[in-house]
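S.K.: These are the residues of each chain, in order.
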Amino acid sequence: DGGITQSPKYLFRKEGQNVTLSCEQNLNHDAMYWYRQDPGQGLRLIYYSQIVNDFQKGDIAEGYSVSREKKESFPLTVTSAQKNPTAFYLCASSPRGANNEKLFFGSGTQLSVL
Amino acid sequence: KQEVTQIPAALSVPEGENLVLNCSFTDSAIYNLQWFRQDPGKGLTSLLLIQSSQREQTSGRLNASLDKSSGRSTLYIAASQPGDSATYLCAGDPRAGGTSYGKLTFGQGTILTVHP
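First to last, the sequence lines map onto chains V and Z.
Numbering-wise (my numbering), the first sequence opens with residue 1 and increments by one.
Numbering-wise (my numbering), the second sequence opens with residue 1001 and increments by one.
Warning: the hint list may mix true and false statements.
Okay, the calculated beta carbon distance ranges per label pair [as the list claims (entries may be wrong)]:
1) V/70 with Z/1069: 22 to 30 angstroms
2) V/79 with Z/1022: 49 to 57 angstroms
3) V/15 with Z/1060: 30 to 38 angstroms
Computed list of lysine to aspartate or glutamate pairs in EDC-like fashion (alpha-carbon distance at most 16 angstroms, straight line) [stated by the list, open to error]:
4) Z/1103 with V/24
5) V/9 with Z/1084
6) Z/1103 with V/15
7) V/70 with V/24
Sample of chain V residues at the chain Z side, in silico, Cβ under 7 angstroms [unchecked claim]:
8) 39
9) 68
10) 107
11) 113
Derived by calculation from the structure, the hints in this document are not laboratory data.
Using N, Cα and C, we set each Cβ at its ideal position, and we do this for glycine too.
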């Protein structure tokens, strides 16, 4: 089945530790995104990538890093510089083009601080 | 900067009722408006997308409208069912046109509970 796979579903971070969230898609989409969701709030964009080897900061990129070495993969690293990392992280993708603009989301990763 | 607000924050209705969820946005220069559904602890599922040139979209019991001049969108759910219980989010795409970058601005969501 085509879709977006995020792993792990739950992740715990110790203080000072970097952790990496995985996002893989087999939809052949060019664009991929990372959003952060806090309780009772809407989603906020962390990073996005329109093509391989290119990515742009979103609204809340500080304390996060990404890479896009393959079309299918867009991992997100939460660094120790992110002081409030506890949140639900959602990865999404979309095909490029004016007529195909729906976002497809993964099932999310819940990150908590130990 | 685009801001999106959803009212009400929570809604509880008996099964079978028709209901309306509201979404307002501050910047009328909006390219499209999407409605999503989110089940607890899950990702989002796109329900309807209304392009700026359209006024409404329908899918089954769902109908979404867009009025750019007033900065409002509504999601109408007909004959609600317990399975409709979820959080519904709207999101505006601020692009002026061209390719999609997914830089959506999301509302906080409306938590819908449909009880038997």
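S.K.: Compare the structure with each hint and give your call.
M.R.: To see whether the hints hold, each was checked on the structure:
no. : hint                                 : in the structure
1   : V/70 with Z/1069: 22 to 30 angstroms : violated, 44 angstroms
2   : V/79 with Z/1022: 49 to 57 angstroms : violated, 38 angstroms
3   : V/15 with Z/1060: 30 to 38 angstroms : violated, 48 angstroms
4   : Z/1103 with V/24                     : violated, 19 angstroms
5   : V/9 with Z/1084                      : violated, 24 angstroms
6   : Z/1103 with V/15                     : violated, 30 angstroms
7   : V/70 with V/24                       : holds, 10 angstroms
8   : 39                                   : violated, 10 angstroms
9   : 68                                   : violated, 14 angstroms
10  : 107                                  : holds, 5 angstroms
11  : 113                                  : violated, 18 angstroms
In the structure shown, a violation is registered for the earlier hints numbered 1, 2, 3, 4, 5, 6, 8, 9 and 11, in ascending order.
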